[in-house]
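Visitor: These protein sequence lines are chains A, B, C, D, E, F, G and H, in that order.
FYI, this note's numbering numbers position 51 of the first sequence as 51, with every residue one higher than the one before it.
FYI, this note's numbering numbers position 14 of the second sequence as 14, with every residue one higher than the one before it.
FYI, this note's numbering numbers position 26 of the third sequence as 26, with every residue one higher than the one before it.
FYI, this note's numbering numbers position 114 of the fourth sequence as 114, with every residue one higher than the one before it.
FYI, this note's numbering numbers position 25 of the fifth sequence as 25, with every residue one higher than the one before it.
FYI, this note's numbering numbers position 1 of the sixth sequence as 1, with every residue one higher than the one before it.
FYI, this note's numbering numbers position 23 of the seventh sequence as 23, with every residue one higher than the one before it.
FYI, this note's numbering numbers position 23 of the eighth sequence as 23, with every residue one higher than the one before it.
Relax, there's no trap hidden among the hints.
As a list, the in silico DSBU-like pairs of lysine-lysine whose alpha-carbon atoms are at most 35 Å apart:
1) F:K88 with E:K88
2) C:K148 with E:K136
3) H:K4 with A:K21
4) A:K148 with A:K21
5) B:K77 with A:K21
6) C:K4 with D:K136
7) G:K77 with F:K77
8) A:K88 with D:K136
9) G:K77 with A:K4
10) G:K4 with E:K148
In short, the hints are calculated from the structure, not lab data.
Note that this is a predicted model, so its numbers are computed, not measured.
There are 8 protein chains.
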Amino acid sequence: MIWKVYLAGEIHTDWRTDLQKAVERLDLPIEFYAPVTDHAASDDCGASILGAEPSPFWHDRKGAGLNAIRTRPLIEKSDIVVVKFGEKYRQWNAAFDAGMASALGKPLIIVHSEEFQHALKEIDAAANAVTDDVTKVADLLRYVTLGKL
Amino acid sequence: MIWKVYLAGEIHTDWRTDLQKAVERLDLPIEFYAPVTDHAASDDCGASILGAEPSPFWHDRKGAGLNAIRTRPLIEKSDIVVVKFGEKYRQWNAAFDAGMASALGKPLIIVHSEEFQHALKEIDAAANAVTDDVTKVADLLRYVTLGKL
Amino acid sequence: MIWKVYLAGEIHTDWRTDLQKAVERLDLPIEFYAPVTDHAASDDCGASILGAEPSPFWHDRKGAGLNAIRTRPLIEKSDIVVVKFGEKYRQWNAAFDAGMASALGKPLIIVHSEEFQHALKEIDAAANAVTDDVTKVADLLRYVTLGKL
Amino acid sequence: MIWKVYLAGEIHTDWRTDLQKAVERLDLPIEFYAPVTDHAASDDCGASILGAEPSPFWHDRKGAGLNAIRTRPLIEKSDIVVVKFGEKYRQWNAAFDAGMASALGKPLIIVHSEEFQHALKEIDAAANAVTDDVTKVADLLRYVTLGKL
Amino acid sequence: MIWKVYLAGEIHTDWRTDLQKAVERLDLPIEFYAPVTDHAASDDCGASILGAEPSPFWHDRKGAGLNAIRTRPLIEKSDIVVVKFGEKYRQWNAAFDAGMASALGKPLIIVHSEEFQHALKEIDAAANAVTDDVTKVADLLRYVTLGKL
Amino acid sequence: MIWKVYLAGEIHTDWRTDLQKAVERLDLPIEFYAPVTDHAASDDCGASILGAEPSPFWHDRKGAGLNAIRTRPLIEKSDIVVVKFGEKYRQWNAAFDAGMASALGKPLIIVHSEEFQHALKEIDAAANAVTDDVTKVADLLRYVTLGKL
Amino acid sequence: MIWKVYLAGEIHTDWRTDLQKAVERLDLPIEFYAPVTDHAASDDCGASILGAEPSPFWHDRKGAGLNAIRTRPLIEKSDIVVVKFGEKYRQWNAAFDAGMASALGKPLIIVHSEEFQHALKEIDAAANAVTDDVTKVADLLRYVTLGKL
Amino acid sequence: MIWKVYLAGEIHTDWRTDLQKAVERLDLPIEFYAPVTDHAASDDCGASILGAEPSPFWHDRKGAGLNAIRTRPLIEKSDIVVVKFGEKYRQWNAAFDAGMASALGKPLIIVHSEEFQHALKEIDAAANAVTDDVTKVADLLRYVTLGKL
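Excised from the complex, chain A in its bound form:
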């Protein structure tokens, strides 16, 4: 079985690439899914493809509508959802994806620095694992998919 793992959250560091490389080195049977991680593209896709909007609200609505065409089916198809909360921005989107994944019954792995421990307590409590270190996610996926420590 190939495990499908969705990587939600932070898009301003290379954590997805780092994790994917670690997983490749370990030769794990995993296919990764992710949202669009090009911040500018993800902001402007709606206006760029479907036409400009004078109002920033509708500009954003158009783009977010497109992004959800990608993210919603990918989250639904995933076996595991990893959500990383980074240092920058409000990242409500990461929490929103965690909520969707939780309601869909997906096992959740949450990654965040200790600083956010209290603020993320409800989300952490819905998670199967919480860590502040992406390299531990690779170890964890190794254990989960191969069944070995």
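With chain A's structure known, arrange chains B, C, D, E, F, G and H on it following the hints.
Guide: This is chains B, C, D, E, F, G and H only, laid out in the frame that chain A set:
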């Protein structure tokens, strides 16, 4: 991942072929599903295969029963549903498919000319994207499946 | 048991009131649900409550968003969905509601004049009953809820 | 029908009380649900009831576990979910609840000041209505439940 | 809690009335649901209400469509489904209802004479209880709802 | 797409083989599923594998339990369910499978001779197509899977 | 709202009565559900009502079939499931009910003495709260239903 | 079709290997899934990967959280769930998995020695087959997947 995209609605223009060609040129990982698009076949399939009916109502019921054997599982298997409203006919069937897709939680892309904007407002409001131009659907599917503008 | 019956579709005639009166005369155990049937209110509710929009598309999106807050939970709570297709307008919304109801497994009763028989064949084929006469819907609901002809 | 409306998000202002009073004045058929809004109780409930924990992480896990016994069934039972994002704190919990509600197919009403418009774009795009003003939520609920502007 | 018990199957004996009387004597907290048990009405309801059909197939289709408006929601709302197979007729309808109830996860109680034991083995194997005696169903419902022998 | 078609019902004629051959000649993209069609094996599998039972009721229960391990997942995985009612035996099992398939939302094709038309009316009314001729099922599957008459 | 709380597990102490009394003193809006707690009745109900069986296996199967008619719908209707593991017997049934409740998305409260902590770790990890003291369950239900410490 | 069979329960004997070898000899179309069967790894995975915990309760919670990332999706993906109850330990986890599988509608095969017959009666009653002998499970899977005795 191969994305499954159902193309509902108008069957009197070549929009499906145009879209499929555009998607092939872009080499997108998409498998298209569609209803039977041969209008006469879709009207007469029931009577032709299962036997004639004197009443037009039951003639149509027989054919529609057969068409739904195809359309219902295909819509359920799809990741994305595109619905095009054309100029001809009432096209209630297109709206019916949009309603089914929406209730099943499928992301919806609606295509129609501006003329129908007000009449289609409830359906547009349930959609992730609305456009009057099939070529934009190809661009949109490129963005959704490849994650690049 | 009180049966919950949603009355979708046409809002430009008094068919809901007529049906409700007939049902009251028959003293049937039915609670009716309906969308907002004041056409102007249903068109302008979004802009009126949440603020005006210069673009007709977003004006309509705002209103349709509000209308769906009402219609979607009511359709989901219903035991039976009646959809009437009238003479005026395109009525794609009626077909959309029929599609949602069908995907949710609700028994459908479709009302339309004979003129629309062929155009509505796919929707009729998904229905438990089709008639051109609202008074027959009352008879039908009498049979369904009381179990007597 | 009594509509069930869950009020998620901000717990440091009186918006729930304000909304409930407005709704009572309008005599709307609404029963409100809410999480525990006493911040200290919501933080310490786990340790207080089930026993102290030396680690802040497990202190929070215990409390969050209890809070979810309340919030999850209430969100599932709701017909409509209102989520207010306030000025204080990260409020990831509000976004998490919005994600759960969205995955469960609940109509969403999002309340936030204009300042957060871009940061909340994905959540706003999943909503039926977005406003910066709680009094508009009362107007909106009046329209949705009574069907009148 | 009032238990909802659907009584499917045989309509040519008084077993429903007998069971209901026994349950009333025991003062059990049960609300019974049933299909239309007037055989002639159940056969002719479609033609009688919606108009005659020359073909017996469509005559029956019309009637069966109406009957399902009643039976499908009632089975879905039930906590327990009792299905009685009698001596007369093929009673495929009883087996069909049992299949629906089973797929919906309803506890099944099957009543039939010993003569049908082998023919009904797959249905019996899907049941929680099998008996040849309606009076035992009353005893069983007493145990299930009151928790006492 | 490979369509999955479950063939329920009659096990005393060669209709499955005939249909499969016809479908192979037409080169249709179909994978067929079926229950165990060896009548003796299907009756005795439980006792044969798990140990004999003195009582015929428990002998049959053991066997039926095993058969359902096969049939239930196969019906759930199917895109289309064909149910054939033959001349011999009561065939309640066929009707039970039809009920399960219907509750699971599977398109149903029912095959039976005209003689059973009235007795099967509720099941026929839940079907997308009804015929008395297995060769028509092949034509029908050709239309459904290839989209051509 | 009246909260529905299912009390699974141990039937050889008075913990349900103790909890119910505590909850009544606190005047909490709770309706309790429970399996049959008369051990002898729960063992013998099948044979007593439906007829004796010579084999202990089928004797037990008959009784367990009846018990599940009660327990399965009650667990499905519950908002919260409390499972108590006592000192006596293997209590696999308690763990089975916990597994069902967890798969159905019910918040779980697990009660057991510290001695079983390691043996119950997978079940505890699926729970919202774990305690060794039934009086804490009353406090917890007070917090959950009234929202106050 | 490749059947997916989850092997839950006992991890202190070689029953999974024995069964897999028997199934390979029979050349059955089966892919087996299993939890992590290295007892020490399964106990310590959480602390080992995510960091040590002073409290045994949280040590176990961390490990159990990780194990569930593997077991829950595998059970959901399975067509059949086999649960073996062995002689050692309390094995509540096996019963918990059986409860989850049952609520998810998976056919259950239960393996246990006769000694546990009464203690496991509720779980056995939810099963399609019960045996005390793993070699019979191979025979049974042969029958189920190949359709031959």
